[in-house]
Every structure is written in structure tokens, then in C-alpha cells.
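A.B. asks: Sequence:
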Amino acid sequence: LRPDSRRHRRVPANRLLGPVALTVGGGEPPPELLWKKNLALLVYLALSPRQTRTREHLTGLLWGDKPESAARHSLNEALRVLRKAVGDGALVTDATSVRLEAGTVSMDLDAFARHEAASEWRQAGALVGGAPFEGFAVPGESAFEDWLTAERSQWERRSVTALAQAAEQSLSIGNIAGGVTLAERAISLAPTSNQAAAVLLKALALSGHRGAALARDDDY
4 LRPDSRRHRR
14 VPANRLLGPV
24 ALTVGGGEPP
34 PELLWKKNLA
44 LLVYLALSPR
54 QTRTREHLTG
64 LLWGDKPESA
74 ARHSLNEALR
84 VLRKAVGDGA
94 LVTDATSVRL
104 EAGTVSMDLD
114 AFARHEAASE
124 WRQAGALVGG
134 APFEGFAVPG
144 ESAFEDWLTA
154 ERSQWERRSV
164 TALAQAAEQS
174 LSIGNIAGGV
184 TLAERAISLA
194 PTSNQAAAVL
204 LKALALSGHR
214 GAALARDDDY
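If you use our numbering, the sequence shown corresponds to residues 4 to 223, in order.
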């Protein structure tokens with residue numbers, strides 16, 4: 004709970020760069036919030052422009068296979084769960100739209116983007132805990148899955164770049180072991196990435212493992 008209001012709780016979706024995990028007010032989230040479509044709605048709103056979407060858009064995204072009245076009911080139920088978790092003041096709805104108040108959800112993606120913008124590659128790379136949105140899906144909802152695929156792709160690319168740049172920085176100051184570790188994390192995230200492969204080969208060569216570097220080079 005925020006200290007100034009019982010009507011507005013901070014909900015950190017504290018990991019999307021890896022298996023999705025979140026807390027509410029520093030504790031475990033209510034089980035209902037972790038249901039696939041409820042969680043999908045929270046994440047989607049948090050990543051939407053101005054954290055706002057129309058009701059029509061959201062029903063089509065997550066309940067596209069239902070009749071209109073049933074889809075609206077399902078959205079209202081999901082909003083009830085979100086409102087209970089984040090507080091009345093944090094979720095603003097009317098007849099046509101849904102909006103999360105700014106600052107309601109704190110995501111590792113936001114922290115990553117700040118470090119990325121400042122070229123703080125070590126700090127950005129430290130936030131990468133695995134494949135973006137790992138294990139997260141809403142089977143049967145193709146519109147949401149298409150959006151999720153695009154999000155995964157861009158965050159994977161940015162994560163690999165951060166790890167590769169962090170590896171380069173480590174190598175530049177003589178921290179060869181650290182560079183190898185970071186480069187290996189990058190290649191494990193995206194095995195076909197040329198950027199990750201290049202920095203790993205460089206790191207292995209500098210570490211004195213020329214044979215391993217040559218073997219890796221054959222793989223790529």
C-alpha cells in the first residue's frame with residue numbers, strides 16, 4: 004500500500020524480462036490476478052500508450068471468440084479483479100475506455116529502458132533474467148498472441164544488445180571472465196544472434212580459449 008492512500012496500491016510487475024512475476028504492495032498477488040487473462044490485461048494496459056485502451060479493443064483482444072455481451076461481462080470481471088488489486092483510484096474506467104493511472108505498475112522494462120537510454124549496459128543486462136515474457140501465453144487469443152510475439156521479439160533484441168555491450172565493456176577494462184559470462188548469457192538468449200556470437204568469440208579468444216573460440220566459429 005502507498006503510505007498516503009488506501010485506495011491506490013503500487014503493483015510492481017517486477018519481472019517481464021524472464022518468467023513473469025509480480026507482487027502487490029510488496030507481497031504475494033491475489034490468486035485471481037494471476038489468472039491468464041487477468042494478468043494479460045494488466046500487462047497489456049501497463050504497456051499500452053498512455054496506459055489506455057478502449058473497451059472494444061480489449062474485448063476483441065482477449066475475448067474475441069465470445070458474443071459481444073459475454074465479452075463485455077468477462078472484461079468487467081477482469082477489471083473488478085484489477086481494481087481490487089491496484090485500488091479504486093488507480094484504475095479509471097468509463098463507458099468506452101480503461102486507463103491505469105501513471106505509476107500504478109512498476110516494471111523491469113521501464114528500468115531497463117532508462118539504463119539503455121543512458122548506455123548503462125551492465126545495469127540493463129543485470130535486469131535480464133531470461134527470455135522476455137517467458138512461459139506467458141493466452142492460448143486461443145490470436146490477437147493477444149500476435150502482440151506478445153512482437154513484444155518478445157523487440158525485448159529479446161534489446162536484451163541481447165545490452166548483454167553484448169556489457170560484455171564489450173567488461174573486456175575493455177580487462178575483466179575477461181565477466182565478459183565471457185555476459186556473452187554466454189547473450190548467446191543463450193538468442194543462439195542465432197550475430198552480435199552475441201561475435202562478442203562471445205572475442206571473449207573466448209581473449210580468455211586464451213582459442214580452441215573453444217574456433218569451435219564456436221565453426222558453429223556460426
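A couple of the hints might just be wrong.
[Stated by the list, open to error] When the alpha-carbon atoms are kept at most 25 Å apart in a straight line, the in silico SDA-like pairs for lysine to any residue are as follows:
1. Lys205 <-> Ala193
2. Lys87 <-> Met110
3. Lys39 <-> Glu123
4. Lys87 <-> Ile176
5. Lys87 <-> Leu112
6. Lys69 <-> Arg86
7. Lys87 <-> Pro33
8. Lys87 <-> Ala116
9. Lys40 <-> Arg86
10. Lys40 <-> Val27
11. Lys40 <-> Arg56
12. Lys69 <-> Leu151
13. Lys87 <-> Leu130
14. Lys87 <-> His76
15. Lys69 <-> Gly92
16. Lys205 <-> Leu151
17. Lys69 <-> Gly30
18. Lys39 <-> Asn79
19. Lys87 <-> Trp158
20. Lys205 <-> Ile176
21. Lys39 <-> Lys205
22. Lys39 <-> Thr164
23. Lys69 <-> Thr99
24. Lys39 <-> Gln126
25. Lys39 <-> Phe136
26. Lys87 <-> Arg117
[As the list claims (entries may be wrong)] Computed spacing ranges between beta-carbons, pair by pair:
27. Glu59 <-> Gly177: 16 to 26 Å
28. Leu50 <-> Thr96: 11 to 21 Å
29. Ala180 <-> Gly29: 33 to 43 Å
30. Gly67 <-> Leu209: 49 to 59 Å
31. Glu35 <-> Ala105: 16 to 26 Å
32. Gly177 <-> Arg155: 32 to 42 Å
33. Pro194 <-> Thr96: 13 to 23 Å
34. Gln126 <-> Lys87: 32 to 42 Å
35. Thr184 <-> Gly63: 20 to 30 Å
36. Ala208 <-> Gly106: 22 to 32 Å
Hints listed in this document are in silico derivations from the structure and should not be mistaken for laboratory results. No residue lacks a Cβ here, since even glycine has one placed at the ideal position from N, Cα and C.
A.B. asks: Take the hints in turn and mark each one as holding or not.
C.D. replies: Going down the list of hints, with the structure as the test:
no., hint, verdict
1, Lys205 <-> Ala193, "holds (17 Å)"
2, Lys87 <-> Met110, "holds (19 Å)"
3, Lys39 <-> Glu123, "violated (33 Å)"
4, Lys87 <-> Ile176, "violated (50 Å)"
5, Lys87 <-> Leu112, "holds (24 Å)"
6, Lys69 <-> Arg86, "holds (23 Å)"
7, Lys87 <-> Pro33, "holds (9 Å)"
8, Lys87 <-> Ala116, "violated (29 Å)"
9, Lys40 <-> Arg86, "holds (14 Å)"
10, Lys40 <-> Val27, "holds (17 Å)"
11, Lys40 <-> Arg56, "holds (15 Å)"
12, Lys69 <-> Leu151, "holds (21 Å)"
13, Lys87 <-> Leu130, "violated (29 Å)"
14, Lys87 <-> His76, "holds (17 Å)"
15, Lys69 <-> Gly92, "violated (30 Å)"
16, Lys205 <-> Leu151, "violated (33 Å)"
17, Lys69 <-> Gly30, "violated (34 Å)"
18, Lys39 <-> Asn79, "holds (15 Å)"
19, Lys87 <-> Trp158, "violated (30 Å)"
20, Lys205 <-> Ile176, "holds (14 Å)"
21, Lys39 <-> Lys205, "violated (42 Å)"
22, Lys39 <-> Thr164, "violated (30 Å)"
23, Lys69 <-> Thr99, "holds (19 Å)"
24, Lys39 <-> Gln126, "violated (30 Å)"
25, Lys39 <-> Phe136, "holds (13 Å)"
26, Lys87 <-> Arg117, "violated (30 Å)"
27, Glu59 <-> Gly177: 16 to 26 Å, "violated (57 Å)"
28, Leu50 <-> Thr96: 11 to 21 Å, "holds (18 Å)"
29, Ala180 <-> Gly29: 33 to 43 Å, "holds (35 Å)"
30, Gly67 <-> Leu209: 49 to 59 Å, "holds (52 Å)"
31, Glu35 <-> Ala105: 16 to 26 Å, "holds (24 Å)"
32, Gly177 <-> Arg155: 32 to 42 Å, "holds (35 Å)"
33, Pro194 <-> Thr96: 13 to 23 Å, "violated (43 Å)"
34, Gln126 <-> Lys87: 32 to 42 Å, "holds (34 Å)"
35, Thr184 <-> Gly63: 20 to 30 Å, "violated (44 Å)"
36, Ala208 <-> Gly106: 22 to 32 Å, "violated (46 Å)"
Violated hints, in rising order: 3, 4, 8, 13, 15, 16, 17, 19, 21, 22, 24, 26, 27, 33, 35, 36; the structure is consistent with all others.
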